[in-house]
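**Q** Each chain, letter by letter, is given below.
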Amino acid sequence: MQLTLEFGGGLELLCDSKKIHNVNIEQHNGEDKLIMKDLLSWVQTNLIKERPEMFMKGDTVRPGVLVLVNDCDWELSGQLNTSLEDKDVVVFISTLHGG
Amino acid sequence: MEGEGGERKRGARLCCVCKKSRASVKRPKTLEQICRECFYDAFESEIHQVILENQLFSPGERVAIGASGGKDSTVLAYVLSKLNRLHNYGLHLFLLSVDEGITGYRDDSLETVHRNQIQYGLPLKVVSYKDLYGWTMDEIVRVIGLKNNCTFCGVFRRQALDRGASLLKVDKVVTGHNADDIAETVLLNLLRGDVARLSRCTSITTGEDGPIPRCKPFKYTYEKEIVMYAYFKKLDYFSTECIYSPNAYRGFAREFIKDLERIRPRAILDIIKSGENFRISTSTKMPEQGTCERCGYISSQKWCKACVLLDGLNRGLPKLGIGRSRGSVASDNGNESKVEKSIQGKQCTTLDF
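So the protein lines, in turn, are chains A and B.
The first sequence lines up with residues 1 to 99 when you count with the UniProt record's numbering.
The second sequence lines up with residues 1 to 353 when you count with the UniProt record's numbering.
Think of the hints as simulated: they come from the structure by calculation, not from any bench.
One or more of the hints may lead you astray.
Partner residues aside, some chain B positions facing chain A, computed with beta carbon under 7 Å [stated by the list, open to error]:
| # | residue |
| --- | --- |
| 1 | R13 |
| 2 | S21 |
| 3 | A23 |
| 4 | D236 |
Source: prediction; values computed, not measured.
Glycine included, each C-beta is placed from N, C-alpha and C at the ideal position.
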């Protein structure tokens with residue numbers, strides 16, 4: 001599954017200072033269903049290079065990190081249970097940096 | 001983009017205001033699901049209402065926007081210019097930035113402010129610590145290390161903004177402090193037992209008795225909405241943490257607020273409401289406001305905090321004025337009692353007024 005992931009608000013510093021990542025995620029269970037919960041653990045393993053605690057807390061993003069799936073607040077689409085499809089754009093923005 | 005197959009499958013919800021477009025944001029203040037355009041309207045008109053209800057401005061006033069290049073001040077500059085045009089506030093707006101002299105941080109964020117100057121067509125004034133005090137933060141940190149540096153920076157910044165404001169001959173300074181910041185400051189002042197600050201930190205306008213009043217049009221605006229607004233509008237802002245700021249105590253309060261927000265977003269406004277309604281017992285001793293004998297700046301002590309700190313730096317005693325201990329300025333001048341309640345050394349004080 002091809003996804004575009006975008007990191008902003010300082011989160012890009014955790015993944016090689018690169019804001020946009022075009023990624024291809026293989027689902028191991030053979031299903032073509034991927035939800036945000038799966039994506040978060042994939043991102044944590046594959047993209048986050050430093051200070052993972054700035055990105056995750058428990059099994060979800062750290063409070064203060066905004067998530068948008070196709071420019072829609074993930075709080076409207078079921079957060080961790082939001083299902084993802086090919087070519088989706090997922091944006092993570094930290095609100096925790098500077099004013 | 002809208003109406004693509006993906007969204008339909010995921011059961012795209014409609015905006016609860018216009019009932020036409022796909023909802024893009026869940027508003028923390030109201031829990032409404034709202035589309036982008038209706039969100040812009042709600043966001044801007046609520047700030048307009050706050051400005052009107054609190055009579056923040058009068059026509060013809062010169063107003064400086066404290067601009068750091070970060071999300072809050074960038075959105076403030078954008079929204080305030082827009083409201084000024086739209087509702088004929090008749091304000092003369094300026095961008096005012098402080099260059100603390102922090103390589104790799106402020107120099108980068110100032111580039112953002114320079115771009116904002118062009119993007120929004122607002123005149124920009126930059127005042128630097130080097131010019132005002134003869135020291136950059138880089139130089140100060142080299143002398144004092146990474147402990148207490150935020151005390152210097154916070155005290156100097158507060159004054160630098162005032163000095164810049166008087167150079168611009170403005171009537172007011174507005175800052176981008178948002179609801180989350182204010183809730184956090186209420187908690188911090190409570191945790192520190194700082195009653196004087198606790199009683200004034202929720203005021204939308206402060207320093208009316210001083211040279212230049214400051215106000216916070218984003219007092220009731222959630223950080224989440226500011227960031228969403230900046231994202232959707234593709235506003236150009238800078239987001240890197242200061243390289244010198246460990247910010248432990250404030251960071252802890254911030255995280256607590258964010259955890260609360262996740263469970264119940266109203267908590268942020270409720271903390272502000274509590275802060276607004278504290279009544280300080282009349283028997284509590286409050287510092288008296290006077291002026292600094294050295295530089296004339298407002299001060300509750302003989303010398304203002306910036307002069308005490310600067311004196312320490314210049315005399316090679318940078319620890320002077322840090323911590324609760326009595327500064328030796330007091331003994332030099334034989335006036336111990338007045339310096340007693342000197343500001344404690346603490347973490348980054350950008351939010352103190």
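**Q** Each hint: holds or not?
**A** Verification of the hints:
Here the hint on R13(B) is kept, as its CB sits about 6 Å from the closest CB of chain A, short of 7 Å. Contact between S21(B) and chain A, as hinted, is not supported at the beta carbon level, the nearest pair being about 11 Å apart and thus beyond 7 Å. For A23(B), the interface hint holds, since its Cβ comes within 7 Å of a Cβ in chain A; the closest pair sits about 6 Å apart. Interface hint status for D236(B): violated, as the beta-carbon distance to the closest one in chain A is roughly 12 Å, over 7 Å.
Hints 2, 4 from the earlier list are contradicted by this structure; the remaining hints agree with it.
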